[in-house]
Structure formats: C-alpha cells, structure tokens
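Number of protein chains: 4
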Amino acid sequence: MVEDNLKEKLKKVNQINITQQTSIRSLISSLKNTGFNAKRLANACEIYERMLHDPECIKFFGLAGAMVPVGMQRIIHDFLDEGYIDILVTTGANLTHDIAEALGYHHLQGNVDVEQLDDAGLHKDQMNRIYDVFLPNKVYEGIEDFVSQLDLPSNEMPIHEFLKLLGDQLPSNQNSILKIAAEKNIPIFCPAFTDSGLALQLGFHHRKLNLNHFTDMLKLIDLAWDAKTSGVCIVGGGVPKNFIFQSLQFCPTSAKYAIQITMDRPEPGGLSGATLSEAVSWGKVHEYAEHSMVIADATIVLPLLLWYLKTSK
Amino acid sequence: MVEDNLKEKLKKVNQINITQQTSIRSLISSLKNTGFNAKRLANACEIYERMLHDPECIKFFGLAGAMVPVGMQRIIHDFLDEGYIDILVTTGANLTHDIAEALGYHHLQGNVDVEQLDDAGLHKDQMNRIYDVFLPNKVYEGIEDFVSQLDLPSNEMPIHEFLKLLGDQLPSNQNSILKIAAEKNIPIFCPAFTDSGLALQLGFHHRKLNLNHFTDMLKLIDLAWDAKTSGVCIVGGGVPKNFIFQSLQFCPTSAKYAIQITMDRPEPGGLSGATLSEAVSWGKVHEYAEHSMVIADATIVLPLLLWYLKTSK
Amino acid sequence: MVEDNLKEKLKKVNQINITQQTSIRSLISSLKNTGFNAKRLANACEIYERMLHDPECIKFFGLAGAMVPVGMQRIIHDFLDEGYIDILVTTGANLTHDIAEALGYHHLQGNVDVEQLDDAGLHKDQMNRIYDVFLPNKVYEGIEDFVSQLDLPSNEMPIHEFLKLLGDQLPSNQNSILKIAAEKNIPIFCPAFTDSGLALQLGFHHRKLNLNHFTDMLKLIDLAWDAKTSGVCIVGGGVPKNFIFQSLQFCPTSAKYAIQITMDRPEPGGLSGATLSEAVSWGKVHEYAEHSMVIADATIVLPLLLWYLKTSK
Amino acid sequence: MVEDNLKEKLKKVNQINITQQTSIRSLISSLKNTGFNAKRLANACEIYERMLHDPECIKFFGLAGAMVPVGMQRIIHDFLDEGYIDILVTTGANLTHDIAEALGYHHLQGNVDVEQLDDAGLHKDQMNRIYDVFLPNKVYEGIEDFVSQLDLPSNEMPIHEFLKLLGDQLPSNQNSILKIAAEKNIPIFCPAFTDSGLALQLGFHHRKLNLNHFTDMLKLIDLAWDAKTSGVCIVGGGVPKNFIFQSLQFCPTSAKYAIQITMDRPEPGGLSGATLSEAVSWGKVHEYAEHSMVIADATIVLPLLLWYLKTSK
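Residue numbers (this note's numbering), protein chains in the order written: chain A, -7 to 305; chain B, -7 to 305; chain C, -7 to 305; chain D, -7 to 305.
No lab work stands behind these hints, which were simulated from the structure alone.
It is possible that part of the hints are untrue.
Copies of the same chain look alike in the list, so a pair counts if it fits in one copy or across any two.
[To be verified] With a straight-line cut-off of 20 Å between C-alpha atoms, the simulated DMTMM-like cross-links for lysine to aspartate or glutamate are: (1) Lys200 with Glu148; (2) Lys211 with Glu148; (3) Lys1 with Asp73; (4) Lys4 with Glu133; (5) Lys(-1) with Asp117; (6) Lys1 with Asp105; (7) Lys305 with Glu133; (8) Lys1 with Glu48; (9) Lys200 with Glu153.
If we strip away everything but chain A, and leave its shape as in the complex, we get (with noise of 0.2 Å):
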C-alpha cells in the first residue's frame, strides 16, 4: 500500500536554526528536512552535487532568461570554469548580451522604481528596459563592429562550431560565457539562433551565412547517446528546456538527477512549467532519477547553488 510505504518516508520536520556561524553547507543541510521551495532547493544543491561526483555522468546546462543583463554572466562562467557544465544549451540573447559584457559595455541598474519608469521617455533616450536593468541602444553599434569584422572560415558550419570561433575571436574577459566556453573547449547550442540581436548583425553583414542548424541537432543527440550517465540543470525553461530533452528522449538512458529552476507553472500546458515526473513520461528523465524542481526566480537561486558547489569537496 502506498500510504504503509509513505508512513516509513516520514520523519519530523526539521525547525532551521540559524546562528552566525551558519555556513552555505549548514543552511542548505537545514533547509532539507522541511518542505515547499527550501526544501526543493536543498534537494537541487544535493542533486547537482552528486552529479559532480559521478565521473560517467555527462552535465547538460541549459540556459534561458535575461541573466546575462541581470548579472548571472559570471555565475555562469563560474559553472563553466568549475567543470559543472559539459554542455551548454542557451538563448541568442544570453549569447548577444555576453558577447556585449565582454566588449567592456555594460548593462545599467539603479535605485529606480519599475512602477513609476516611462518607457516612451526611455525609447526617446534610446535605452533599453530588460524590466528593471537597462541597455544603451549603442551597445548594439559595438556588438556590429565587431560581428562585421568576424572572418568566417565558412557559411555553412555548425552553430556550436561559429560559437567557439566567436569565443576564441573575443578579447581576454574575466566574465564572457563564450570566452571561458572557448578556452575550455565547451560546446554552446543555440538552436533559437536566429531569434537575436547577434543573428540579425550576422545576417546583415555576412549575407551568404546558411549556419547549420541541422549538424547542431544531431550533433546534441550523438553527445546524449554516447553519455554512459546525463544529468540535466534547466534555468528558466524555454527552447534550452526542449532542446535538451527531445535528445535525451532518444537515448539509451534518460537523464538521472535532474533539476530546474523556473517561475512558471504546469497547469497551462507549457513545456518551461512542466514537472520533471511529467518528463519521465517521455522517457527524457529516468523513472528513478533524482529531479528536483525549485519554483524560484534562478537571480536568487543560482548564487546560493553555485557557493553550495564551490565549497563541495
């Protein structure tokens, strides 16, 4: 019976006790032992943790949301010089604002109220709102100098393959997701490419630019195929969220620990809200995989992950 089996499962909730000597490891061992989004993110810091003690297990990442304007650039960059990313799924938009990051432009924030902004004023003024952080219109003017200079070797390679050559062709940067990418030989997908200030910039200067798409698509699924172990990290959800799964689906073995980090909500039928159990039944996550899914805005969660795995020994 399943409620004899629950009764077993059930021990007291723990009251969280924090003091000044709580560390980032105590905090998230207290927050396990109790329930609702503490508990889920302490699942998700356990989960990501084993993932990195498991040498089979290859470590999918996707990415969506404005987290390189918000911020989360180095964060990320953090995960990919760590060894917690081995592949990278991501938005034309992150890719857009890093590449800006690292150009030495940068995205702008202040004291003000979103409430009270005028947007007529700021398109007036030519600056960009990314709900409360900002981005000059002449970021942009930057970001085309340096795409129509690019020298591409070819119009028709892989989409990852133009993304490690746009790494390796950016200056040094201490931040830029696709220079630590490029320096550490981690590939970048971005199947929504063509949906970003970066394509548009691209198409415009390299007219005959056909980036295969296709290549990208397969070449995700041969990578999830040849993963004796996978385990999936989703911020937000979007296109990364599929694309990631719909090679995982196709495999040999599904995902084992999987975890996800979004605001949306399942009842309405989209993908970005859809749980991690709906996924098992697509053979995308393993029946027994460890998922978590934290139901937080990933600019709070994120950090807290990344110094849980950082002082993981």
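Got chain A sorted already, so can you dock chains B, C and D onto it with the hints?
What follows is chains B, C and D alone, placed relative to chain A:
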C-alpha cells in the same frame, strides 16, 4: 499634472450584468468598464477588432505553448481562414502536433486527476504526457513515414518555404494550420525549428538538409519594414514573441496594436512575461499603441476572442 | 494497473469549434473534452450545475479578492438572487465596498496604464488604488455616516445576524450583496470581520461593540453538520476558503462538489493555492467528489459561470 | 525630465562573484547592484537592517502561510527573541501549529513525490497534507486536551491578551512563537482567530467564550498611532497584511520601511499581491518609504534574511 489628467479619464466601474440574453458582444462590452483581467480581455477583443478594420495593418501572430495538443488547432485554423492573421510565427512543436492531427492521429484526454498519474507507468505504456493531454508515442512513427517520403526541391530552402511545401503535401483537413496557411499563402515562420520532433525526423531522413534560417530572419524584417501599420497578437511568449518584436524594432513604424495572452509574470525579467509597455522602450511597440496583456490561460481566452471576432461586422 | 484504467478513460481531444451560432452552452460543451484550464472551466460549470440540480445539496460560497470594487458585485448578487448560494462566506472588504455602492457611491476605472501611475500623487488626491480600480477616500465618510447611525439591538450579536440587520437597513439596491442576502435570508459569514473599514468605523462609533465571532464559527459547523450533501465554490481563497473547509472537516459528509477559481499556486504551501485534492486528505472534500480548480482570474470566470448557469434548465 | 533623473541614478550591473570566502553579507552586497528578485532580496535585507538601527521604529511583522508546519517556527521565534519584531500579526493556523510543536508533537516530511500522493489513502490513514508536509490528525487531540484545561479569567478578553496567557501556560520550548512572545511581552494579534483549529477547540470547550476582536482592532490602531516611525515586514499577505496596513492608514505617519515576501501577483487585484507602491496611494506606506517586494517563497527568503540580520553589528 498626471492626477488631473487621470481624474478626467476615470468613470464609474460597470457592474457586470449577465442575463439569458447575454451575447459574446454584450459580455465583452460589459467587461470593458471594469478592471483587472476582465477589462484586459475586453480591451484585447476590441483592439483585435480594430486591427481587422484597419486596412493597412499587417497582423503578426505569435503562437507558443501546447496549443494544438489541447484542442486549439481549429481555433488557430479559423484565425488563418478568416484572414485574422497575415504572418504566423510559431514553435516546431505546434507544427509537429499539427501534422499528427492532419495525418489522422489524435491527442487524448479524459477525466484524469493529474495529481494521481503514474508517469513511470505512462512511459512503459509509451504514452507521452502534456499536463492532462496525452500523445501515444507511436504517432511519431506516422509522422516519420510522412516526413521520410517528402520530396524536397532544395536542401537550403528557407523554413517558411519548406512549411508551405509541407502544407501543400498534407492531406485535406478542416483543422490543420499548415494546410490552411498553405492554401491561403500565409507565411509561417518557425525560428527554433530544429527544436522539434518534426525537425528531428527530417534530419534523420534527409541528412544533407540545411534549411536556411537566416533567410527567414531577413524575410520577416522585410515584411515588417514594408508594413505601413503593424499589429501583434502573442499567445504565450517564448521565441515567437521575440522573433516578431526583433523584426519590428528595426522598422520605421513599431506596432500600433499589441495583444498578449500569457500566464508568465514580469518580475523575473524573462521576455515572455515582459509587459507590452516595456516593449515601448525598445521601439517594438509604439508609444501611442493600443495594447492589452491578458494574464490568463490562452485555452480560455482564445476561444472567447475568436467568438467575439466572428460576430464582428 | 493504473495505466489500463487510464487508457479506458481516454478519448480524443476535441478541436474546439467556434461559429457565429456558438452559445455559452455549446462553448462550454466544446471546451470540456480538451485540457488545461479550458477543461477545468468546463468541468467547473458542469459541476456547479449538478449542484443546483441536487435537491439535498447545501451550497457554500467563499468570496475573497476585490470582487465588488472591480464590478463583480452584481454577479454575486445574482448568484444569491437565483438561489445558487445557500451560505456566503466573505471578507470585510467586500462588504465595506458593497455598502459603498449600495449607498450610491462608486468605484472608478478608466483607460489608465497601471505602469505609469503616480501613487504619491494619488495619495495627495485622496484616491485609493486597487490595481487599476480607484476609490475616492471621501466615500469612507459616507460609510461612516451610515454606520454611526446604526441602531444595534445587542453588542454581542453574532456577525451573521449583524450583517442581516445591516442588509435590512440599507436602501433598496439592485446590486447589493448585503441587501439581497437579507431579503432572501441567506446567511453571510465574515470571520475576519475586524479586518475591514466597516469594522473600524463600527468600532469607532460603537465603543462597546463585541460582535460574537465564536457563535458564527459554531453556527457554520451546525449548518455544515446538518447538510445531507454539501458543495463548495471558492473564489480566490484566503479566510473564506479555510473557514468553509474547517466546518466541513468535522462533518459526517465532506463536500461532494468542489470548485475553486484562483491564481495562487500550490508549491509555496499556502491554503489559497492548495489543490482540492489536498483537501481530500483532510476530509474536507470527499474522496469521490467531483472537483475542479480553475487557474484563472475570477473576473473572467465568474461572468462565464453565471452566464452558463442562467441558461440552465 | 524623468529620464535625465534616471540616467544619473543608473550605474553598471554588478556581475555577482561567488568564492569559497563568500559570506552572507558579501552575497547580499553582491546581489544589490543587479536586478530582478536578486536585487529585491538585497534591498529587503538592507531595509530590515536599517529598521533595526532606527531607534524610533516600531516593527510590525505580518505572518501568513503554513510557516510553522514547514519548519520556519524557529526562524520566527528568533526574529522575536532577537528583538526584530515589536508587533506580530498572524493567522490562527500558525498559532495552532505552534501549540502542536510546543506540546511535543511534530509535523512530518520526507522524500515524497507530491505528484504521486494518494490523498484518499492519506485520509484513511488520518494524515493531513499541507503540500509536502504532513500532520497526523491525532495531534489535534493533544491540542484539545491542552485547550480544554485552560483556565480563562474572562470570556471577553481581547485575543492578544488571551494569546499572552496561552504562551505563559505552554511548557518551556526553544522554538515556540507563543512562548517567546509571552516571555518578551511582544503582542500577537490574530484578527481571523475563529478561522483556526485552535479556536474551534476553544469554542467547543468554552461555550461562553466571546474573545473581543474589536479591542484588538482598536489596540493595534493605538499602537500604530503612537509610533513615531513604523516599519512593516509582510510574509505571504492575507489578513495579516491588511490588518497592519488598515492601522497604519489612519496614522499621522505611514510606514517608512516596508518589505513583503510573496508569490502572489498584482494583476488579479487581490491585496496579497498588491504592490507596496499601491499602498502609497492609500497612505499605508509613506511616499518616501524604502520598500522592497520580493517575489519568492518565504521558505527560501526568511532564512537568508535572518542569517543576514544575525551577522549585523
């Protein structure tokens, strides 16, 4: 002063009146002078109707979410058939599911309690779950048969041309989005095409395929550039929202009408939940545009919107 | 096996069909065999209708949220007038706003962009904001006049008796919840009564008042206990949801019909977002109850629900 | 011009830097110059700290949601013990669960998949579910024993006096909210008291009880009126939020500091999701107040906030 201006604009809240004689038009009219999402829904209906009555307006429609599986395929079909959409931007998933239905397969539903489902059992039964809708895995075999036999005139054709060809080759069907769009010559764009079951099977069976995504990107910009007036209706968000807006951003005239139906929220900074006011700062939506963002499940709002428009004169 | 059982239950998804001849009944019927919130809405309509046709069913209605300010006062009035509610549990705020409207004051709305409002300016103008609806502060003076002149037969009367007396003393009004409930002898419970502008003004002007909250609590349990069958419709959540459910929990028969319309979500563990399935574990909702939780703004769903019920035979 | 003003305020987004040496203070400092909810969290921490350093500030704390069951009881205990709260407003449910824990009973949790739970089975086992936390029904018997033996000096005492008496009579306990509040003479208000298991059992065993809710209401207004400066921290929303704000609304000085942690959203118009800016229009929050609304699960944010404050000098 803002407040004086405000006071002039304010009038009393309408107490909604429902009788046996209520019609969809009187309902929407009654909701209009209220607030919260009732008013947003009424505004969305009226804005769409004004788009239809504006002879110069090019109507962009962005469709994300599992709309075909859940039974909204015919709704979108009718939007296309009635001339309510000039340019459709959607996801590969919706097109994959459209082909499934067009080939005579069906998505399944029933009186199931989502909270009591056994996803591991579903997987054993090869029954893929999309919240409370199901797709037997064998349907993909039918799609594969169709896709493998496609005769493709060129490996580098743009995606929208390929989708036209696909629609032409589908059997006659009263609900299919691809079919009616092909018949009516309404272009369908699908920027994240390789993120779909359709693209996977294409890629497996047509190994040299390299559909040109950049041509699509530039084509949509041309279409946006040529529009004297433009209007936008976004269902969900995701790549279709951004792809339409990045095209409008570069045009002399940004969107004069804008509608979005979504359950996403703005605070975590993702584009899907970004307000239409934020889009004004980017020049995607015009400062003086009529716009309405309905925070609701599209499965409730789209049928009401279509019903309203079908009774328009 | 769960899955075999499931397979028998599943049938094909209905492609919703909208024509100029669509009626509210054909719409709901069309939504029923789909999924996501469209199906939940259809189920809610049908469950409520079956409640009405069940002669033994006592219909509890929980109302939270700013429903009167936004224009849903008459909707609730009609639910009461039509006999769709046997017991109403609501918030002090809705009753305060109901009195305001019944005394001839009005809430205000208009074509305002919530994102551009100046709340400090509104405060200077004594214009209180409820999202995009407004209440001039001076309305409270009118309520105060009315309240200060009330002749109270007892300082310790239960709240539901006080509210009946209040309804009796209000001027005739075609929309008032308090008035129609008094006329029809439908009890109104308001467990968080002192959390309202109405109670504040009562307290200021009737210093010895000590309306008996415990009598109300025990009375509702008696009413629940006496019900042969019970059904519940919850709008929003909050105290009304819990107050109804804590009464049903102690009864020999828990709710056989249960509906909730809310935008809250379950993962953070609050009662407002808790699923109706969770209520089964407490014995608040019956194991075999028909239940549907619609994730939607009540300002869209309540008018549709009333419309559906008014066309019922 | 708004924009000139804005430009001066803007500075570059901080790329969050996490190292093994990161502390809670350096983390929050790093999050501050970003955006989205990371910045809101940092602002909330700093605003609360400034409240603590303002000797004239009376600190109101509103607590809704199932915080005691999930393991936040000790967190709230510590807020009270450390002097971070001057006046607590909460729900009857949190107090009921506080008594259960103080009497030696426990809430339960474990590695359960919420999506696979059998609520009917749980009901048979008399195991009440609060999302993924459980309370055996027999705990209520223990509460009943305690409550039935209470010696009440007056049937008409105000609730906050009754709760002080209750705290005094509870056994010594290192986590109990009622106990520490009684020891430290911090008043607890509970406006929706009869909406709780505690009140039900009181009502059953003390049939003449008529705790005076109006005295509480007026008392809180007096306390708010006497505050030279006031600050507010709201967890969740609900009745505690409104009860605090309705008291501040009538005072010469509205809240100078305001924090809310919630997952609710503003568009459906309910008070729980209403922005703190909206509260400015009512005079509940001061025009020049420092305020921050963190859109997050309190089970993640409250431990971080307490950790931050405990390391404050």
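Here is what the structure says about each hint:
no., hint, verdict
1, Lys200 with Glu148, "both (9 Å within a copy, 11 Å between copies)"
2, Lys211 with Glu148, "both (15 Å within a copy, 19 Å between copies)"
3, Lys1 with Asp73, "neither (38 Å within a copy, 33 Å between copies)"
4, Lys4 with Glu133, "between (58 Å within a copy, 18 Å between copies)"
5, Lys(-1) with Asp117, "between (62 Å within a copy, 9 Å between copies)"
6, Lys1 with Asp105, "between (47 Å within a copy, 11 Å between copies)"
7, Lys305 with Glu133, "neither (44 Å within a copy, 47 Å between copies)"
8, Lys1 with Glu48, "neither (29 Å within a copy, 41 Å between copies)"
9, Lys200 with Glu153, "both (17 Å within a copy, 18 Å between copies)"
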